[in-house]
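Just so you know, the protein sequences line up as chains S and R, in that order. Letter by letter, the first sequence follows residues 1 to 310 of the working numbering. Letter by letter, the second sequence follows residues 1001 to 1317 of the working numbering.
Check each hint, because a few of them may be wrong.
[To be verified] Simulated pairs of lysine to any residue, SDA-like, Cα-Cα distance not exceeding 25 Å:
#, chain 1, residue 1, chain 2, residue 2
1, R, K1305, R, M1293
2, R, K1227, R, L1301
3, R, K1159, S, F289
4, S, K197, R, K1305
5, S, K5, R, T1215
6, R, K1159, S, Q30
7, S, K45, R, P1166
8, S, K5, R, R1197
9, R, K1159, S, K149
10, R, K1159, S, L19
11, S, K56, S, T292
12, S, K149, R, A1047
13, R, K1159, R, T1111
14, S, K5, R, M1222
15, S, K149, R, Q1070
16, R, K1159, R, P1146
17, S, K5, S, V21
18, S, K56, S, L29
19, R, K1159, S, F32
20, S, K149, R, G1055
21, S, K5, R, C1212
22, S, K149, R, G1044
23, R, K1305, S, T228
24, S, K149, R, S1074
25, R, K1159, S, V17
26, S, K216, S, I226
27, R, K1305, S, F32
28, S, K5, R, A1226
29, R, K1159, R, L1112
30, S, K149, R, P1146
31, S, K149, R, L1057
32, S, K45, R, F1155
Hints in this document: simulated from the structure, not taken from any laboratory.
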Amino acid sequence: MRHRKYPFIVGFLIVPVVLYVVLVIWPYLQTFGYSLTDWSGASQKMNFIGLRNYAKLFGDNVFISAVGHNLLLLLVLPVATILLALFFAFMLNVGGRSGTGGVQGVRGAAFYKIIFFFPQVLSVAILSVLFQGVYRTDQGGLLNGILVKLGLEDAGHPWQWLADPDLGLWCVTGVLIWSGVGFYLVLFSAAMQSVPKDIYEAALLDGAKRAQTFFKITLPLLWETIQTAWVYLAIAAMDAFALVSTMTPGAYYGGGPDHHSEIMATYLMRNFITFGKAGYACAMGVVIFFITLILSVVSLRVTRREKIEF
Amino acid sequence: MSTKTDATSTVPAQREVGGTPPRKPVKEQRFADGGGILNVFSHGFLALWALMIVGPLIWIVLGSFKTNAQIGGSAWAWPSHWHFDAFSRAWSKGIGSFFANTVIVLAGSLTLTMLLGAMAAYVLARYEFRGNRVIYYFFVAGAMFPVYLALVPLFFMVKNLGQVLPWLGLNQYAGLILVYTAYSLPFTVFFLYSFFRSLPTAVHEAAMIDGCSHTRAFFQVMVPMAKSGLISVLIFNVLGQWNQYLLPVTLMQQQSGTDPDRSMLAQGLMNLAVQSGYASDFPGLFAGMTIAMLPVLVVYLSFQKQVQAGLTSATLK
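Sequences and hints are given; from them, build the entire structure.
Next up, the structure:
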């Protein structure tokens, strides 16, 4: 039997490995090389220019502000999403009237979970077009329509939502939170349900209040799941390309008005596809890579704690 | 959990432990802060968020029955007529073919992803050979890198491949299928690797002793045993590839005026929204979105338990 083992191993690995190396690993490596050239992408001609692309990036105000916007997203998106998801998950699992059956969730918890999770399966195009409707600047927009109806704003001067330099990025962040909370709620719910109920019941017998059970029991026991969620949200915040490029104003790949919602990915795509600066775009790809790398290392270090077994 | 409770409830002496219904209301078991006020409070927040999710979606569906003037006039206008002409307009503008494109590509890429991913993960998890660790870490590393790092060379790679093998180039189904598969492999291998490791070896060994070949043991013994793990990672990949936007936008661009539009659903819908397609036809756009949402909604509602369980377990690994 032994002599047939190696042909089998090679036979099973060859296709996936070749495909993966050609289409994933090799392009990853090439990017580093191209980032050191002035390649336009249109022809084979390219000159080695050393680190000049990177030097140019540090002087590029649009790119610097794009990095800033990504970092802002990185701060706001995970915090808001995780807090909301934890809050809802706690309500659904422990927040119910605790009359007869000890600790339990609110009634209709399963129903809420189905609804909250739904945006997760909607394609990003639908999210984008949907929220362009919600953020419309006239009374036909859902948000402005509600505000006018409630008398909170003058119908003559509606909010400019996506076109407002100070609001555009926040509008996109809102969509990301809106669509993401349901998923993390279900994630945290699953983790909470694996916590034995007697831990809660013991705490209740000792006279713990609901807030205490949350901070002293739920949170520490969920720490590992929260850490996972954090990493996933950080990756989402570094991306955000699909929504920003389609929702915000701008000639190519959004980022407007006047670069106020520019993120690294939109600027990269514009330089690559529209401006034909392939080498420069590669340098941005490398910067995105290093920021992601630093972030994952930092977040894994900072959130490291002793694992609690139960 | 539930089976455990059922088991204990059949033994009367242990009834108290299982937390089964016959338990009497005991005052001490309540939260010290009662729960009545908080219950109203929590229901309020949950209902509000549910409304925030469902509201915009219903609003869009209603919008596909409105006229353009009604949509622009007021967000609260009720559709004045219930004709389906916006739906046929949306369909004729290509929603149907975008759907078909997406289904073709996903059918190919999901089959390949699952097959190749399971094969690689299985060999890496269950066989010892030189270079095993190197290949495994090679795959795992790919899951950490952002796609942007590869984007520019990938575009030219596919473009050049197309000059040698035309059916693999830009704006070709096969090209995109291979790219989707390649970029789904790291996570698929990573997840299935630990799954195959957790499976018992006895059944597999018995099959081998009975003269089963390695390949047959994989397809007839290991794959059925790994079904739950395969489903989890399949759901993860379905959603990931269904929601993919960056790769089709980069790779599925029409190469000339005569090149057919092979946009994926997300990309095509967005192009129609951004370009002239729907410039003055919001009911048509909303109808297109409704058409695009409906099958997802139906599939999600029928399989929501599996979808939620699959996604969470795939993420937590």
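Take a quick look at whether S:K5 and R:R1197 sit within 25 Å of each other, Cα to Cα.
holds (18 Å)
Would the hint linking S:K197 and R:K1305 be met if the CA-CA limit is 25 Å?
This hinted pair holds, its Cα atoms lying about 22 Å apart.
Check whether the Cα positions of S:K56 and S:T292 lie no farther apart than 25 Å.
holds (21 Å)
Hinted pair, alpha-carbon criterion (25 Å max): S:K149, R:S1074. Please report holds or violated.
holds (10 Å)
S:K149 and R:G1044: Cα distance at most 25 Å?
Roughly 21 Å between the alpha carbons, so the hint for S:K149 and R:G1044 holds.
Pair hint R:K1159 and S:F32, alpha-carbon separation not exceeding 25 Å:
With a Cα-Cα distance of about 20 Å, the restraint between R:K1159 and S:F32 holds, given a limit of 25 Å.
Would you check the hint for S:K5 and R:M1222, treating anything up to 25 Å between C-alpha atoms as holding?
holds (16 Å)
With the threshold set at 25 Å, check whether the alpha-carbon distance from R:K1159 to S:V17 stays at or below it.
holds (21 Å)
Given the hint that S:K5 pairs with S:V21, test it: the Cα-Cα distance must not exceed 25 Å.
holds (23 Å)
Is the straight-line distance between the alpha-carbon of S:K56 and that of S:L29 25 Å or less?
Since the Cα atoms of S:K56 and S:L29 sit roughly 21 Å apart, the hinted pair holds (cutoff 25 Å).
For R:K1159 and S:Q30, compute the direct alpha-carbon distance and say whether it is at most 25 Å.
Status holds; Cα separation ~15 Å.
Would you check the hint for R:K1159 and R:L1112, treating anything up to 25 Å between C-alpha atoms as holding?
holds (21 Å)
Checked against the numbered hints given earlier, this structure breaks hints 9, 27, 30; the rest are met.
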